[in-house]
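Participant: The chain contents come next:
Number of protein chains: 2
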Amino acid sequence: MNLPEDQKIWVPWMRRAIQLALLAEGSTSPNPLVGAIVLDSSGGLIGEGFHTGAGNAHAEIEALAQAGDKSVDGTIIVTLEPCCHQGLTPPCTEALIKAGLKRVVIGMVDPDPRVSGNGIARLKESGLEVIEGVLKQECEGINREFIFRIRNGRPWGILKWAMSLDGRIGLPNGCSKWITGVPARDSVHHIRSKCDAVIVGGGTVRADNPLLTSRGKSNFEPLRVIFSRSLDLPKSAILWDTKIARTLIAYGPEGNEALFYDLPAGPEKLRLNTNDPSELLYSLAKKGCNKILWECGPQLATSAIEANCVQELVVFVAPKLLGGKSAMSPLNNFGFESIDSTYKLQHSFLDLKGEDLSWRLLL
Amino acid sequence: MNLPEDQKIWVPWMRRAIQLALLAEGSTSPNPLVGAIVLDSSGGLIGEGFHTGAGNAHAEIEALAQAGDKSVDGTIIVTLEPCCHQGLTPPCTEALIKAGLKRVVIGMVDPDPRVSGNGIARLKESGLEVIEGVLKQECEGINREFIFRIRNGRPWGILKWAMSLDGRIGLPNGCSKWITGVPARDSVHHIRSKCDAVIVGGGTVRADNPLLTSRGKSNFEPLRVIFSRSLDLPKSAILWDTKIARTLIAYGPEGNEALFYDLPAGPEKLRLNTNDPSELLYSLAKKGCNKILWECGPQLATSAIEANCVQELVVFVAPKLLGGKSAMSPLNNFGFESIDSTYKLQHSFLDLKGEDLSWRLLL
Chain A
1 MNLPEDQKIW VPWMRRAIQL ALLAEGSTSP NPLVGAIVLD SSGGLIGEGF HTGAGNAHAE
61 IEALAQAGDK SVDGTIIVTL EPCCHQGLTP PCTEALIKAG LKRVVIGMVD PDPRVSGNGI
121 ARLKESGLEV IEGVLKQECE GINREFIFRI RNGRPWGILK WAMSLDGRIG LPNGCSKWIT
181 GVPARDSVHH IRSKCDAVIV GGGTVRADNP LLTSRGKSNF EPLRVIFSRS LDLPKSAILW
241 DTKIARTLIA YGPEGNEALF YDLPAGPEKL RLNTNDPSEL LYSLAKKGCN KILWECGPQL
301 ATSAIEANCV QELVVFVAPK LLGGKSAMSP LNNFGFESID STYKLQHSFL DLKGEDLSWR
361 LLL
Chain B
1 MNLPEDQKIW VPWMRRAIQL ALLAEGSTSP NPLVGAIVLD SSGGLIGEGF HTGAGNAHAE
61 IEALAQAGDK SVDGTIIVTL EPCCHQGLTP PCTEALIKAG LKRVVIGMVD PDPRVSGNGI
121 ARLKESGLEV IEGVLKQECE GINREFIFRI RNGRPWGILK WAMSLDGRIG LPNGCSKWIT
181 GVPARDSVHH IRSKCDAVIV GGGTVRADNP LLTSRGKSNF EPLRVIFSRS LDLPKSAILW
241 DTKIARTLIA YGPEGNEALF YDLPAGPEKL RLNTNDPSEL LYSLAKKGCN KILWECGPQL
301 ATSAIEANCV QELVVFVAPK LLGGKSAMSP LNNFGFESID STYKLQHSFL DLKGEDLSWR
361 LLL
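The listed protein sequences derive, respectively, from chains A and B.
For the first sequence, counting from 1, position 6 maps to 6 in my numbering; every step adds exactly one.
For the second sequence, counting from 1, position 183 maps to 183 in my numbering; every step adds exactly one.
Rather than coming from a laboratory, the hints here were simulated on the basis of the structure.
Watch out, some of these pointers could steer you wrong.
Since the list can't tell identical chains apart, any single copy or any two copies may satisfy a pair.
With a cut-off of at most 25 Å between alpha-carbon atoms, the simulated PhoX-like pairs for lysine-lysine come out as follows [unchecked claim]: (1) 353 x 124; (2) 177 x 325; (3) 344 x 177; (4) 124 x 286; (5) 344 x 70; (6) 194 x 243; (7) 102 x 124; (8) 177 x 217; (9) 136 x 286; (10) 136 x 344; (11) 217 x 98; (12) 124 x 70; (13) 98 x 243; (14) 8 x 102; (15) 344 x 124; (16) 102 x 136; (17) 353 x 98.
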């Protein structure tokens, strides 16, 4: 980090602000994670806050509320540039100015085009000292998915699969319960709890009748999305019960809407113009999704990768040998002719979950 | 470890003897690894030795040679029960008795039926104090493959494969060079350097024309074995050059021996009565192999597992996506109908070799 010597004093405070921000992980979409700390004029801690969810107060407002009158001539340390626009809540810049602060220390500039430097300009205009870029990389790291969605218009995609040591996601007869053990499956519930939506294809609903929830690991269960070309879905499925979590049926131009008459009314419907996974993701971004999880079979997984809708992979490998030339593998053909042309991933995190291996990688 | 209190003083010496034994790892087959230490009558170190290879002096003899006359009334600490039979070298028990030692501390009983307690009996008979079972588990651990071969009549089998993250060992067009990177391939050379033989099928010779050496990582290159049903082998292959390492062509009853006329004279030949991989392994055990490495394609690998000829797996997983319904997978059909009936392995060691994952497991 190339911070000037006199700015290094803000680093420990920014680290604390990041810790605060992370307390709401998985709950703030479409908003980012933000943490804030207020110090009085002599540098003493007088307020802490973090953003708990869309529609709730921003981190700065929470921290200033704790600080009260003592914030005059004080400093606010905040992981993200304060907003300067009226969203679901009023602009934070005005609250900072009104609180009489003399200094604002910022981790990263807000990539949201409605803010993106305008917040900083407004604060400087009003005579506040602004220090930028303290632990910038770390502040960007906790909002990787939010930043990705703002820049690309679609959520960060994670693809997950579980396979045997010999690369099979099922036996030739289709049986796949359970390849991995309880700790690995528990870990999948944990990943779901940090995602805004979980997507499967119609085949997975027909074959596995999945529940697709975090099993209560989050207050906000992810939106359960079925991406079906044909709408040939079973009349009875756990996903049709929307009391625990919402279900969305997305379908392309070939979808036979008459088949909806056979299904219960609970699930929402989303008609798309194409079968392109990226069209689905643009729609989910508009619904407020920053991060989604693909838990689909080889066909949809292959399309999602080819459509650039997968940024991260989580692969569970069970220490089992299934065998089977005709058994399902995680992915279908990409049409590669040489190893050099194949997709290369970047190691991110490796762990053992019980007996199973869990490998996270970036695509 | 449930050692009596007064025997715990031998533990650090036995640990040192194990370290000595391991100095010859990969060079002693068909013999075990053995290390020995001689202390004088007041407990001072006067000799160290280890077995360097079949036909060379045993560890005890090496250590006693260093100790010389000072071994009178001394103690020898040795990882394996001293032999009491005339092999390539004379029985060690007699040398111990002749040296005037008063005590022998032994890690493990020799599983070789020619010794197996008889060495200990001979020593006790001659009035020496014998202490057994000091670091027994560790002493057995360094000779796992030797013990396995003595008990089962065939070498310990390791099966290795390298696959992509989606479980493919090649593209649909057969291309597989290189799925893993240099550090993983280097690690394979290292594994070969600890094995007595490396086995491939005819298909691997035809498709990959492999060299199958340790690339000089061992003084003793493993015996390179081609297990071919048909003897339909290429006229020109790197393996036919036996200057660097020996090559053995093993074949079953269907092998067309007339095809040997097309091949150079270098490789040895081994005719078997069946195509059963275990018959090959019994033959290799008779040739002195304690540990062999299967580096074969899915068909032979599957047969080897089914014939109980694989005790350990080393799987390299490259962070690449190859795809391909028709691409080669590590194993063929076992005919399993449920996940419960599949082969389950036990985690042994996990590592990253460069960008690739290396997972060792016991079958």
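Participant: Each hint should be assessed against the structure and marked as holding or not.
Facilitator: To see whether the hints hold, each was checked on the structure:
Within a single copy, residue 353 and residue 124 get their C-alpha atoms no closer than 50 Å, and across copies no closer than 51 Å, so neither meets the 25 Å cut-off. In this homomeric assembly, residue 177 and residue 325 come within 25 Å of each other (Cα to Cα) both inside a single copy, at 19 Å, and across copies, at 22 Å. For the identical chains of this complex, residue 344 and residue 177 are inter-copy neighbours only, at 14 Å across copies versus 29 Å inside a copy, given an alpha-carbon limit of 25 Å. Neither within a single protomer nor between protomers do residue 124 and residue 286 lie at most 25 Å apart by alpha-carbon distance, with minima of 32 Å and 85 Å respectively.
Proximity of residue 344 and residue 70 under a CA criterion of 25 Å is satisfied in neither setting, with 53 Å inside one chain copy and 64 Å between copies. Taking the shortest Cα distances, residue 194 and residue 243 sit within 25 Å of each other inside one copy (20 Å), while across copies they are farther apart (60 Å). Taking the shortest Cα distances, residue 102 and residue 124 sit within 25 Å of each other inside one copy (10 Å), while across copies they are farther apart (89 Å). In this assembly of identical chains, the alpha carbons of residue 177 and residue 217 lie at most 25 Å apart only when taken from the same copy (22 Å versus 44 Å across copies).
Proximity of residue 136 and residue 286 under a CA criterion of 25 Å is satisfied in neither setting, with 27 Å inside one chain copy and 65 Å between copies. For the homomeric pair residue 136 and residue 344, neither the shortest alpha-carbon distance inside one copy (27 Å) nor that between copies (46 Å) is at most 25 Å. In the homo-oligomer, the alpha carbons of residue 217 and residue 98 never lie at most 25 Å apart, since the shortest distance is 39 Å inside one protomer and 72 Å across protomers. Taking the closest pair of Cα atoms, residue 124 and residue 70 come within 25 Å of each other only inside a single copy of the chain (21 Å); across copies the shortest separation is 87 Å, beyond that limit.
Neither within a single protomer nor between protomers do residue 98 and residue 243 lie at most 25 Å apart by alpha-carbon distance, with minima of 44 Å and 86 Å respectively. When the C-alpha separation of residue 8 and residue 102 is checked against a cutoff of 25 Å, the pair qualifies only within one copy, where the shortest distance is 18 Å, while the shortest distance between copies is 70 Å. Taking the closest pair of Cα atoms, residue 344 and residue 124 never come within 25 Å of each other, the shortest separation being 44 Å inside a single copy and 64 Å across copies. Within a single copy, residue 102 and residue 136 get their C-alpha atoms as close as 21 Å, which meets the 25 Å cut-off; across copies the closest is 71 Å, which misses it.
In the homo-oligomer, the alpha carbons of residue 353 and residue 98 never lie at most 25 Å apart, since the shortest distance is 50 Å inside one protomer and 56 Å across protomers.
Violation of the numbered hints given earlier is confined to hints 1, 4, 5, 9, 10, 11, 13, 15 and 17; the remaining hints are satisfied by the structure.
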